[in-house]
Amino acid sequence: MTDLAIELTDVHFAWPRGEPVLAIAKFEVARGERVFLKGASGSGKSTLLGLIGGVLQQARGSIQILGTSMRDLRGSHKDAFRAAHIGFIFQMFNLLPFLSVLDNVTLPARFSRARAARAGVDLKAEARRLLAALGLSDPQLLLRPVTALSIGQQQRVAAARALLGRPDLLIADEPTSALDAETRLGFIEMVERECAGAATTLLFVSHDTALSRGFDRTVSMDEINRAASTRSWP
Amino acid sequence: MALIALALRSLWNRRTTAALTVSAIAISVALLLSVENLRLAAREGFANTLSGADLIVGARSGPINLLLYSVFRIGDATANVTWESYQKIAKHPDVAWSIPISLGDSHRGFRVMGTSLDYFAHYRFAGDQTLRFAQGGVWSDLYDCVLGADVASQLRYHLGDSIVLAHGIGNVSFAQHKDKPFRVAGILRRTGTPVDRTVHVSLQAITAIHLDWQSGMQAPPGERVSAAEARHRDLTPDSITAFILGMKSKVMVFMMQRAINEYREEPLLAIIPGVALQQLWNLVGVADQALLLVAGFVVLAGLLGMLTAILTSLNERRREMAILRSVGAPPGDVFLLFILESGVLALLGVLFGAALSYLLLVIAQPVLIDRFGIFVHIRMLRTNDLVILAAIIGAALGIGAIPAWRAYRNSLADGLTIRV
Chain A
1 MTDLAIELTD VHFAWPRGEP VLAIAKFEVA RGERVFLKGA SGSGKSTLLG
51 LIGGVLQQAR GSIQILGTSM RDLRGSHKDA FRAAHIGFIF QMFNLLPFLS
101 VLDNVTLPAR FSRARAARAG VDLKAEARRL LAALGLSDPQ LLLRPVTALS
151 IGQQQRVAAA RALLGRPDLL IADEPTSALD AETRLGFIEM VERECAGAAT
201 TLLFVSHDTA LSRGFDRTVS MDEINRAAST RSWP
Chain B
1001 MALIALALRS LWNRRTTAAL TVSAIAISVA LLLSVENLRL AAREGFANTL
1051 SGADLIVGAR SGPINLLLYS VFRIGDATAN VTWESYQKIA KHPDVAWSIP
1101 ISLGDSHRGF RVMGTSLDYF AHYRFAGDQT LRFAQGGVWS DLYDCVLGAD
1151 VASQLRYHLG DSIVLAHGIG NVSFAQHKDK PFRVAGILRR TGTPVDRTVH
1201 VSLQAITAIH LDWQSGMQAP PGERVSAAEA RHRDLTPDSI TAFILGMKSK
1251 VMVFMMQRAI NEYREEPLLA IIPGVALQQL WNLVGVADQA LLLVAGFVVL
1301 AGLLGMLTAI LTSLNERRRE MAILRSVGAP PGDVFLLFIL ESGVLALLGV
1351 LFGAALSYLL LVIAQPVLID RFGIFVHIRM LRTNDLVILA AIIGAALGIG
1401 AIPAWRAYRN SLADGLTIRV
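Line by line, the protein sequences are chains A and B.
Going by the working numbering, the letters in the first sequence line up with residues 1 to 234, in that order.
Going by the working numbering, the letters in the second sequence line up with residues 1001 to 1420, in that order.
Next comes chain A alone, as it looks inside the complex (with noise of 0.2 Å):
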């Protein structure tokens, strides 16, 4: 077993008929590791972490998440093995309307019963667990519709989903951007405390470096993708 959770090589990615958004010649992250991306919008980070969840695919390159070369998996693998490995916290919207709280941060058991079995028999209490954990402890709030959650509430909730199931990776794009700036650090604590507990690889990518204290490392997007230097915006 490697000790990288996400280990990239040469990595070439464009999209049809368009120029290159990405090059990056080497990236990686250790397991357990706390990792800051830097990154402003346009700077490829996104096409990063399609990448990294296996959705999209490097048009040449090595990706290797945990181990597992992101090439070699086809199809339904793929998503199998992001359901299994990663939870995913985005900048906003995060929880499906239609679903009660608990049933929005036991949603990864439903897709991977590895994330079922690591979250113990009784999903729901390990749901409750997690919710008290960051800081979402009153049942009452567990009763109402996710759309009458205040934002911060909401990207707690996804925070919990994202880590039923303890995941090796954790991926937050721009989890703070909508919070307001109180929010924003202990929002970050919560989930670094977690991902620490879990021994839970964290990769949280954002433009706001004020962000990135507490973190064992920060990388800049700018200065691993190559593609982006050499684009021409005006």
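Treat each hint with caution, since some may be false.
Chain A is faced by these chain B residues, among others (derived, beta-carbon under 10 Å) [to be verified]:
#1 Pro1331
#2 Leu1412
#3 Gly1415
Treat the hints as calculated values from the structure; they're not laboratory data.
Since the structure is predicted, the reported quantities are computational estimates derived from the model, not experimental observations.
Backbone N, C-alpha and C fix where the C-beta goes; we use that ideal spot for every residue, glycine too.
For this one, chain A is given, so just place chain B on it according to the hints.
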């Protein structure tokens, strides 16, 4: 994988739109099933009007015309059959029984039919059912009549009531046989055929009430024949309108038909009821097929409504799909989710539609019998109905594949990017 649970929850979240879509489908399905019910009932009722008879004979005209006036009491005979010809044919050794029919009078919009007691013995409908009495029995006196079920119920007649026949068949007739009133001797059970709308009297009674009539006018007062006097006259009719024949053997039906059609004494026409009924149905059947076609298009419109509703929701649900993809749903699941949604909508629509059609039937059944004489059975869905309903669900799944495919393509293109 509990995709169906997700689909149901998602639909529940959009329950107003979903309910409208289901209603549109349900109404269209109910319409289609009702039309189908009515169509089959009409066809059945049609084919059940007369059975067991081998030939219908009348003056030469068209087969459908003869069928219409002799069996359905619609329209008029252009000419009569002489009593001699009738007797000659009826007494033929191959003929098992015969029912004479004499039409031309009416009672408050209902046709009066003169016939013999053989009518009650040999007339068959709906397979092998004979005419049965609800009250009373056949006539025992010259001025007795037997009412069909509708005549009795609509005009509220009871046994022993006295009724006056009108000359001619207009709804409102000024020329009435007032001097020779009839007593209600029997009321027939409902048959669901034109028999229900007929007033039956004997052939002799028809002759008796017309003794003093000439060219549609009653003779002046001095030359009239009273009801009592008429009893002593020779009441053998000169002619009848048509007659129904039952043959001793089916083999002889065609021979007899040809013999009658080539009868030299007078121009006669013999038709085989089944064949003529089929011809008539082919004529009428076009209308019901058109109706079915329209109902089919209404169902299509209902399904297109569903397509519109789902397609409209597609864009706002892109991020739902991205979330599902991020937690590991394969794009195939996104496709299935949409197909399931269409399936659930169509299934609910079909179930509610079937229930609605039952409800409509329960409400409409008495009206249909009373007003139109069509008896619609309330019964379980027929195989044919089930095939139609399955086809609707199949079509819904097919139509549902359009948004499902677009959602699938979207989710491939969007990946984990949540578009707002």
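Against the structure, the hints come out as follows:
no.: 1; hint: Pro1331; verdict: holds, 8 Å
no.: 2; hint: Leu1412; verdict: holds, 8 Å
no.: 3; hint: Gly1415; verdict: holds, 4 Å
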